[in-house]
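Q: Single-letter residue listing:
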Amino acid sequence: MISVTGVSHALGGSTVLHDIELEIPKGKVTALIGPNGAGKSTLLSLIARLARHRTGRIMVDELEVGACASNTLARRLAILPQSSEIAPRLTIAELVAFGRYPHHLGRPGKHDREKVAEALTLFDLDGLAQRTLDTVSGGQRQRALLAMIFAQDTDYLLLDEPLNNLDIAASRSLMALLQRLAREHGRTVVIVLHDINYACAYADHIVTMKGGQIGPQGDAETLVDGRLMHDVFGTDAAVHRIGGQTFVAV
Amino acid sequence: MWRVVLGLVGLLALSGLSLFIGVIDLRPSALLRDSEALQLLAVSRAPRLFAVLITGASLAVAGTILQMLVRNRFVEPMTVGTGEGAALGILLVTLYAPAASLFAKIAMASATAFASTAGFLVLARRLPPTQPYMVALVGLVYGGVIGAGVTFVAYQNDLLQMIGVWVTGEFSGVLQGRYETLWLAAVAAVLCFVAADQFSILGLGHAASINLGLNYRQVILFGLLAVSLVSGLTVVSVGIIPFVGLIVPNIVSRMMGDNLRRTLPVIAMTGAGLVLVADILARVLRYPFEMPSATVLGVIGSVVFIWLLYRPARHAP
Chain E
1091 MISVTGVSHA
1101 LGGSTVLHDI
1111 ELEIPKGKVT
1121 ALIGPNGAGK
1131 STLLSLIARL
1141 ARHRTGRIMV
1151 DELEVGACAS
1161 NTLARRLAIL
1171 PQSSEIAPRL
1181 TIAELVAFGR
1191 YPHHLGRPGK
1201 HDREKVAEAL
1211 TLFDLDGLAQ
1221 RTLDTVSGGQ
1231 RQRALLAMIF
1241 AQDTDYLLLD
1251 EPLNNLDIAA
1261 SRSLMALLQR
1271 LAREHGRTVV
1281 IVLHDINYAC
1291 AYADHIVTMK
1301 GGQIGPQGDA
1311 ETLVDGRLMH
1321 DVFGTDAAVH
1331 RIGGQTFVAV
Chain S
84 MWRVVLGLVG
94 LLALSGLSLF
104 IGVIDLRPSA
114 LLRDSEALQL
124 LAVSRAPRLF
134 AVLITGASLA
144 VAGTILQMLV
154 RNRFVEPMTV
164 GTGEGAALGI
174 LLVTLYAPAA
184 SLFAKIAMAS
194 ATAFASTAGF
204 LVLARRLPPT
214 QPYMVALVGL
224 VYGGVIGAGV
234 TFVAYQNDLL
244 QMIGVWVTGE
254 FSGVLQGRYE
264 TLWLAAVAAV
274 LCFVAADQFS
284 ILGLGHAASI
294 NLGLNYRQVI
304 LFGLLAVSLV
314 SGLTVVSVGI
324 IPFVGLIVPN
334 IVSRMMGDNL
344 RRTLPVIAMT
354 GAGLVLVADI
364 LARVLRYPFE
374 MPSATVLGVI
384 GSVVFIWLLY
394 RPARHAP
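Just so you know, the sequences run in chain order E and S.
Under the numbering used here, the residue at position 128 of the first sequence is numbered 1218, and the numbers go up by one with no gaps.
Under the numbering used here, the residue at position 253 of the second sequence is numbered 336, and the numbers go up by one with no gaps.
Check the hints yourself; a few may be wrong.
To be verified - Which residues of chain S face chain E? A few of them, derived with a C-beta cut under 10 Å, are: (1) V221; (2) D280; (3) H289.
Rather than coming from a laboratory, the hints here were simulated on the basis of the structure.
In this text, all values refer to a predicted model and were calculated from it rather than measured experimentally.
Glycine included, each C-beta is placed from N, C-alpha and C at the ideal position.
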């Protein structure tokens, strides 16, 4: 379980997170949704120690973020940040292999190579393995980064808007894969999503955020309705339930 | 793989050639019967060859590491103030402790090189990452400012000539007993190879580095130390050798990518080969006179650099 207690955070003088209290259940897909600037990415990056939190406490199981060794946490938790970074000239196979670094620290063994091969196959990258990152499309690059995070083989996966750059087929298969990781392998997935319909369809648990604070949370069926759309997102989108599924009309 | 073997064979051939070029006529056959010939080899030709190879290899590796630290392909130690920083160190030692040992000179040159490189890193961090050429330009200006300071102080103290001799990169002064500290630069380059994965990960960016559990600050610090040490050592021993750290990493990256575990040995080899070719040219172009190798490299390097800047932009940053 990831538990966040009393975490506040300021960026450039303005407070972006106010006294966050949050428990993220283990072995489930949890979606973080909310309007732009709600603090979702910031919260994710604090949990993944990409930025230091100054107040409060973040625990990943028994590990305290910021206090435990970074390498220990790297074997427990992986993050895929929103990427806009410049791609180095690595082949996709090389990039995915770096996902094993926290385990082998520079000396990959047989097990590491197997994990890399598994990740490449799972993300349908076998045919692209020898292509370099700067010669593939944005979506393929995104898949390669996801495969790297997967090869890292951690109990917790934090993904910041991983559906950017992915078409509908790739988006659906990624979400289904994440669901499988949670159900069959007991992995915990925390995912920032912009498209609420994806959150409704694939997440076991939905956490809303607004103005740096945690809003209502729950599963799609009980949580998402017209009132939530109004209160959290400030828009009057209609919510329909068809065949047990929740849809937000856009 | 065959390219690496071919490269090694070429490097060995050039090394052999280098041993037998010089004002004193030395033939391979003479080595067997003439003790004077052997002495010439041991005292002058072999040390010169080693100095050339180590300088080329370690500067190319240092250039690669610096490019990973800055995440920019258009920088190298001699264009971002590292070399000028080392020159500043030599100047300070000459001014305030003229009797200091070689080791003191190297320590001071490396320390000032470290400070100036760290200063550049701080500057570069504030520049927009979307404009890679700006980082290179700021580096040139920054290095130029430090260089101007060195020139001014040297001028004031009548040391201009001495600084010129120290800083101009050439290998004619290399003799047995006067270059051995350069092996430390080779050690630094080997240590960089040991940490190759960490530098490759650094090239993936801050977030990816932290995600993979890298001690980000520690790797940056180690990289800075290695770059400064290599620069300090080479500037003190042979002077400023330009462009090696810039063009070699770029060429190898285009051919083999950025996985340093795979590319660093090739980078080292190519760097050694390039400086060796420049040094051979410097010795034979106006035989029996010699030009500074740095001048030859300046001509080769600037042409290649312009080509790098103007090549199709697909791979630009």
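Q: A separate judgement is required for each hint: does it hold in the structure or not?
A: Hint check results:
A cut of 10 Å between beta carbons decides the hint on S/V221: the least distance to chain E is about 18 Å, and the hint is violated. Here the hint on S/D280 is kept, as its CB sits about 5 Å from the closest CB of chain E, short of 10 Å. Hint status for S/H289 relative to chain E: holds, with the closest Cβ pair at about 7 Å, below 10 Å.
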